[in-house]
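Trainee: Note that the protein sequences, when read in sequence, are chains A and B. The first sequence begins at 1 in my numbering and counts up by one. The second sequence begins at 1001 in my numbering and counts up by one.
Among the hints, erroneous ones may be present.
What the hints assert, rightly or not - Cβ-Cβ distance ranges computed for the label pairs, FRET-style:
id : chain 1 : residue 1 : chain 2 : residue 2 : range
1  : A       : 101       : B       : 1195      : 35 to 43 Å
2  : B       : 1195      : A       : 97        : 29 to 37 Å
3  : B       : 1184      : A       : 153       : 50 to 58 Å
Please keep in mind that the hints were generated in silico from the structure rather than gathered at the bench. Using N, Cα and C, we set each Cβ at its ideal position, and we do this for glycine too.
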Amino acid sequence: MGYLFDPDNWEWLTSGNNARFVFEGFLVNVQIALIAMVFSLIVGLVLALSRLSRNRPLTTAVGIWIDVWRNVPLLLLILYVYLAMPQSWKEIYEDAAPGFLTDVLRDGSVFAALIALVLYNSAVLAEIMRAGIQSLDRGQGEAAVALGLTYWQRMRIVILPQGLRRMLPATVSQLITLNKDTTLVSIIAIQEVMRHGRILTGQNFFGGVQAPILQVFLFIGLLFIVTNLGLSRLSRRLEIREQKRTGTTVKPVTGLEDQVATVRA
Amino acid sequence: MSSLVELLTENFGALASGFWVTCRLVAGSFILAAIVGTLVAGLRIAPSKWLQRLGGIYVETFRNVPLLVLLVISYAGLRRSGVAIDTWTAGIGALGLYTAAYFAEVLRSGVFAVSRGQIEASLSLGFDYPQTLRRIVLPQALRTVISPVGSITIAMIKNSAIVGAALAVNDMLKEARILNSQTFETEAAFFWAVVGYLLLTVAATIAIRVLEQRYAIRR
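Same shape as in the complex, but just chain B:
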């Protein structure tokens, strides 16, 4: 037990910087995933067959490919082919684009959860299609997707560990591995990494619960 606390106090700087790197990775990827995910969801519900298909291809591609493969392609693959991409862009890009596919699926099904009658009513009241989406559909859709967006975020926090393993980014897990190789205190080093990840996932869970209580529509 004492070695646990000792490891934390002696290496607090390293562990804290790993935690902070993971936070930044997660935040950056979340923003990218939200933007791209919304765009792709927009494609998937667009009134044109071809746009829908394009969105479908995006989702099926990024959802079925392992994140590790995406990371290797986006960093080593692009570098070797002459694109000077840095680790952060590659890491956030891969994690964000990967998560965006899930984001898009959730948003799309949230839109479909809004009954057709509401859309028809809004159209017959004289709103045009973009207005209907913005004023009638999206406000309701966003409220139904709070909980699934939460699980995606938690999955993304866990997936951020893969970024650190594939690229030269010293995140939570990487710092724990460095500590392990320096001190051979495997249990203690990984224990604090787990605590770091649990802090983030639990925080996300609580945030989702608060948002749900305030906004969610119970059906």
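Only chain A is shown next, with the shape it has when bound in the complex:
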């Protein structure tokens, strides 16, 4: 305990711009998580709708696709995509990446990381969305058909607004998981918070003080805890506001996110 709270071991935090260095790394993680989330939501919706379509071969194929990506360790996916991706793809990404992104995010390896994260998370989200849509009363879809709505109108006006509301909590908890999972991209040498932590604790950092590993990574862990707690607070808030606004209790889908937290009876 003495070692842990010894002020000398926390000196690194205030000396130089170490704290800023860690924050910059953390920002890379958050950005990767957000970009991956946006694309996973889009791809996940497409997957979920194809899995619910009437076309038998398509639903089977999509079902297998989803099950394979969901059941593979994400780290393995990241490594594999990185190693197997042709160099030309990475160069295409480096050329095409929009200019407002930072240099770290415009690196080709980020493209591999994003593909792996989207492959994995879109499969998980597709299952959440499917459950959200299927949990609706059958009558909803049938009534929409009887009213003469086309498929897209049915989805846009009747099914999705209700289904998506039910999947909000599960989606937020998946976003939290995704935020934590972005630390895994350090394995393919993307300069994010884990790498920055390693640099700080490495030997002879600028010939100056070497930061203690325990304290540096406790601090990094604290950053994640604060961010993720904020996210789950936000989701609770949205849920409560929605309840007050509509006067109904939404029955959320649970149990399909990557790591389930609760059983609702």
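Fit chain B to the given chain A structure using the hints.
Mentor: Then chain B, alone, in the frame of chain A:
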């Protein structure tokens, strides 16, 4: 295709030992997670506000921290600060304690799924609180949590790959990476690693389904 089979037959020993290491990691972490998770769940449903809060802090801390950070803290961090911890203790400890937070949450919600009336009935029949928990609540709670415990276990099998990457433990993924660097057969090496992980996750899925059919309470 032939290179796929060749890679397996020529390096069967390495791949099998990686598979076995992953199995041991998963088994050890599962036991630790089950024990710590039950204790934390006990704290969270204890009749004291302070104990509940303590359990809450445990869950929120370990659930919101990346496993990789936990692994670095538990091995490199502790070593540098003078605690002589070995890789297996650090790996199983970090993975087990991380999963325990999820375990505790699932158990707690399983307990809450048992209706209050049953607890009140049991108390009024003269059982004391621990007896009520042991005889009335837990048997029912355990049966409702079979399926979520299954998904936690599957997530833990997948997370065990992170242990191998962070520490010097030659698990399934690490063996595949070694093979890849020796043979440059990226597709084949990773294919067999995927097969290894799918074997474990599918086995877990089947086990859960059997347990569910036998014990689960349908509501």
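Trainee: Would you mind marking each hint as holding or not holding in the structure?
Mentor: To see whether the hints hold, each was checked on the structure:
In this structure the supplied range 35 to 43 Å holds for residue 101 of chain A paired with residue 1195 of chain B, their Cβ-Cβ distance being about 37 Å. Residue 1195 of chain B and residue 97 of chain A have their C-beta atoms about 35 Å apart, which keeps the hinted 29 to 37 Å range intact. Separation of residue 1184 of chain B from residue 153 of chain A is about 53 Å and conforms to the stated range, judged on CB atoms against 50 to 58 Å.
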